[in-house]
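Peer 1: Which chain is which? The protein sequence lines are A, B and C, in order. Take 46 as the starting number for the first sequence in the numbering used here and just add one per residue. Take 2 as the starting number for the second sequence in the numbering used here and just add one per residue. Take 37 as the starting number for the third sequence in the numbering used here and just add one per residue.
None of these hints come from the bench; they were simulated from the model. Be careful, since some hints might not be right.
[To be verified] Examples of chain A residues toward chain C, derived with CB under 8 angstroms:
no.: 1; residue: P52
no.: 2; residue: Q54
no.: 3; residue: A55
no.: 4; residue: I62
no.: 5; residue: L64
no.: 6; residue: G167
no.: 7; residue: S168
no.: 8; residue: F189
no.: 9; residue: P191
no.: 10; residue: A195
no.: 11; residue: Q265
What you are looking at is a predicted structure, and each value in this text was computed from that prediction instead of being measured. Backbone N, C-alpha and C define an ideal beta-carbon position, used for all residues, glycine too.
Here is how the chains run, residue by residue.
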Amino acid sequence: MEIFGIPSQALFGQLLIGLINGSFYALLSLGLAVIFGLLNIINFTHGAQYMLGAFCAYLLLNKLGIGYWWSLALAPIIVGLTGVVIERTMLSKLYKLDHLYGLLLTFGLALIIQGLFRNEFGSSGLPYRIPQELQGAQNLGFMFLPNYRAWVIVVSLVVCLATWYVIERTKLGAYLRAATENPQLVQAFGINVPRMITLTYGFGVALAAFAGVMAAPIYQVNPLMGADLIIVVFAVVVIGGMGSIMGAIVTGFGLGIIEGLTKVFYPEASNTVIFIIMAIVLMFKPAGLFGTQK
Amino acid sequence: MSGSTPSTSHTSSPAGDELRAQKIAFLVMVAIIAIAPVVVYPVFMMKVMCFALFACAFNLLIGFGGLLSFGHAMFLGSAGYVSAHAAKVWGLTPELAILCGTAAACGVAFVSGLLAIRRQGIYFAMITLALAQMIFFFCLQAPFTGGEDGIQAVPRGKLFGLIDLSNIAAMYIVVAVIFLGGFLLIFRIVHSPFGHVLKAIRENEARATSLGYDTDRYKLAAYILSGTIAGLAGATKALVFQLASLTDVHWTMSGEVVLMTLLGGLGTIFGPVVGAAVIITMQNYLAQFGAWVTIIQGVIFVICVLVFRRGIIGEIAHALKKSL
Amino acid sequence: MKLKQKLRATLLAASIAAMGATSAQAQISDNVIKIGVLTDMSSLYTDLSGKGSELAARMAVEDFGAAKKGMKVEIISADHLNKPDVGSNLARQWYDVDKVDVIVDTPNSGVALAVNQVTREKGKAFLVSGAATAALTGKDCSPNTIHWTYDTWMLANGTGQAIVKTGGDSWFFLTADYAFGHALEGDTEAVVRKNGGKVLGKVRHPLNTQDFSSFLLQAQASKAKIVGLANAGGDTTNSIKQAAEFGIVKGGQNLAGLLVFLTDVHSLGLQTAQGLILTETFYWDANPQTRAFAKRFSTANRGIHPTMVHAGVYSAVLHYLKAVEAGKTDDGTKVINQMKSMPTDDPLFGKGSIRQDGRKIHPAYLVEVKKPSESKGPWDYHKIRATIPADQAFRPMSEGGCPLVK
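Whole structure, please, built from the sequences with the hints as guidance.
Peer 2: And the structure:
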């Protein structure tokens, strides 16, 4: 069966892969959007923290024998704690300065983290086995869908929607959003704003690390795995609207699908299509699709 | 980066003292360039000069225009590819090849500038990063760039059809002339009325607009100038190394020029030169230690942002109470 | 007085002899033969070359007995990061500043082509073991370069031909998008067509790709009988592992690893790699000499056994030193000519020769990877199916388009 001259097998296969890529875009841009929304800082270290999550899982398995399921919980906590340390010791000193300094600091941190790991582990991927329970594939007729990749899509959706719910629909989320708008007023109400900021940064970092653990079995654990990905994620966040949670989620998944489709019809453009869309969105809606002018 | 840049407060036409300080610094720089090839590997010096020009061009935009571009590699790299292609495939003489490369960078700057200038601050940085990434992928796939292999065996050719540039002394003099010329051009721009308006926009855009200046036009002009001079550096570099490769359009290159300028001193005239020299020297001597170069660059970034925001020249200038 | 005269005569004779000796030595630049091992030490080719190549070079210097012959030999090494600009800058600096006389190894054909150019300009010597592109003895051939170990033509006519002849007549290529991948894909495509097969499609992937899912899906959609992997090192092992995930073989297609090294088989494990056909020019378990070498090598290399790239570095450095000794010079162009004029003989490749276009000639082996049950222990992975004689293993000199060949 052919659709637009492309066999449906190829089309659905690439769409599914696109959806999987989109899951990672969504998870990562969610973390970035949360951090930017509250702290007004572009966290360039996000890619390195994603990589840290994957390495955490790898090291937990190979040094301590701790498997995938525990790593899903442990790695985000461990890496999230490093995020808290970074925020307390370095980022908090920059809040009164131009926000671009935050970008430069996190860029420098990313270089350090990636360099240290490259030194230790080389720049080729290290293998991480798919957990026993998720091995195998379903024969869907038009392609073999590996179970693990289906799992990725499901979990990403759940985590993204849960995060969105917490931020937009719960009291905690309301405090967070209020603190973004007017930190002094919220502080006057007795809420410990600096602590909230620290924990929010830690949460955003934990999300990145979580994505890293999910990525380890598919994308191989390698020190530069976040480096090129982070720029795509920046584009996703810009298109979705810098502080918008729903924007990040929708754009993440959406762009993954568009990328997948482009691979089928016009493979040469698949790397640049996201940036082209970004340029177009910026021309007509500078605040992003879901963003509000800040 | 309004407000927090360590701007030199006496910014109008440098009177007496300052001009003297800058003249002395310039003469020192020329002397170093003239003597260096005797003690230092000339190819290394040429590399320093190309990157110093690149950093100076970048500094024009951020130090004086207040716009942080995170995609300056697109100018360096695209100019390098066009220059290499012009010299190798079209067989142009080196000065024409460099001109072609610089023109290409100017074109890229014009188009990307139209898109990027609409936004400020962080958004501007993000847009330039993404645009540069587009250029990267284009260079990765376009057949004429040779992808991962790059354009190799670029002939240096004969300058004006007469002077053979494979003679290292000739090449060195050409690069030195280009560097010093570019440097003086930037100095002239900064101290011209145009440069003053730019600084005014950087300090307080709203006020500049209320005074009747079309701030977008000025910013775009600064952006295009910055990109073109960066292209000049890239086009020359391609001929020095006889190679144009993906490294020059990769976003890590954009990060490196930010580092060089930050380390040397944002908004100072000589800062980028010193910053480039330090970073290139470090890369050269630590190359055998592999990834330590990246780590140290990251550490320098962090230290500069946290406690050393004025940069090397900035601190010296602050101590001497002059502008450098 | 006679004693004094005798003494003077002896002194004179001795000084003449010494001058003679030093004037011979004086033709060796700075009295030191400096070898530069330019390789990949941190990325996808590091296992098949990397530090092992440096070790192989040292072993060659030891076995040559440089110290006893009074020749000073130094070895330095560096990582080219798989970037042509890094490689060519390092080469330039090594030649200009660090007085390196010869560069060896260089896995990554893009880097090798760049170094080939710099070496020719400076009149030094370049012995390629790791890189594969047959262009090094074709249109890019140089009087300063010898291409050792293997090349893409040999692989295409070894592995490619064998697979086509067993019924693999429709191909889909998964190619590493740089000089090596293009060369290997081109050479194999020519072989496929020559034997009446068809190429149903090709897709190019970036070097050091981690995720092959979308490329493998395209391969599946093409329904070609053979999915040809025109890549190497980490790219090949990732393609093969992920192909298993997507059920490529279960779906009825077969994978053809056009360049597979011993270290790749080790990384994949025999369970996954069994049955793979590959071509190589050295296997450690082939005869007593190769076994002895492998024992020495692996002891100093954390147990990792030598690949043909490591063996090639050893063989090339050994022959180079013999040529320097015979010609009494380390001037690049002269040594290369000397190397071409002397037949080669070493414990790893046996007897061979070097052609005018810079191609080293030796036999090639068609190998099948053993089943887990057939292997007696780690590194016992290959069974040699056939030997391709030296005069048939490599592209005929007349077909290469090398300007050095009259």
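Peer 1: All hints, please: hold or fail.
Peer 2: Structure-based check of each hint:
1. Interface restraint check: P52(A) against chain C, minimum CB-CB distance 6 angstroms, threshold 8 angstroms, status holds.
2. Hint status for Q54(A): holds, given a least beta-carbon distance of 6 angstroms to chain C, under 8 angstroms.
3. With 8 angstroms as the threshold, the beta carbon of A55(A) comes within range of chain C, its nearest partner Cβ sitting at about 4 angstroms, so the hint holds.
4. This hint holds: I62(A) has a C-beta 5 angstroms from the nearest C-beta of chain C, less than the 8 angstroms allowed.
5. Nearest Cβ of chain C to the Cβ of L64(A): about 12 angstroms, over the 8 angstroms cut. The hint is violated.
6. About 4 angstroms separates the beta-carbon of G167(A) from the nearest beta-carbon of chain C, less than 8 angstroms, and the hint is met.
7. Among the interface hints, the one on S168(A) holds; its C-beta lies about 5 angstroms from the nearest C-beta in chain C, closer than the 8 angstroms criterion.
8. Among the interface hints, the one on F189(A) holds; its C-beta lies about 4 angstroms from the nearest C-beta in chain C, closer than the 8 angstroms criterion.
9. Proximity of P191(A) to chain C holds as hinted, the smallest CB-CB distance being about 5 angstroms (cut-off 8 angstroms).
10. Below 8 angstroms, beta-carbon pairs count as interface contacts, and A195(A) has none with chain C, the closest being about 12 angstroms; its hint is therefore violated.
11. With 8 angstroms as the threshold, the beta carbon of Q265(A) comes within range of chain C, its nearest partner Cβ sitting at about 4 angstroms, so the hint holds.
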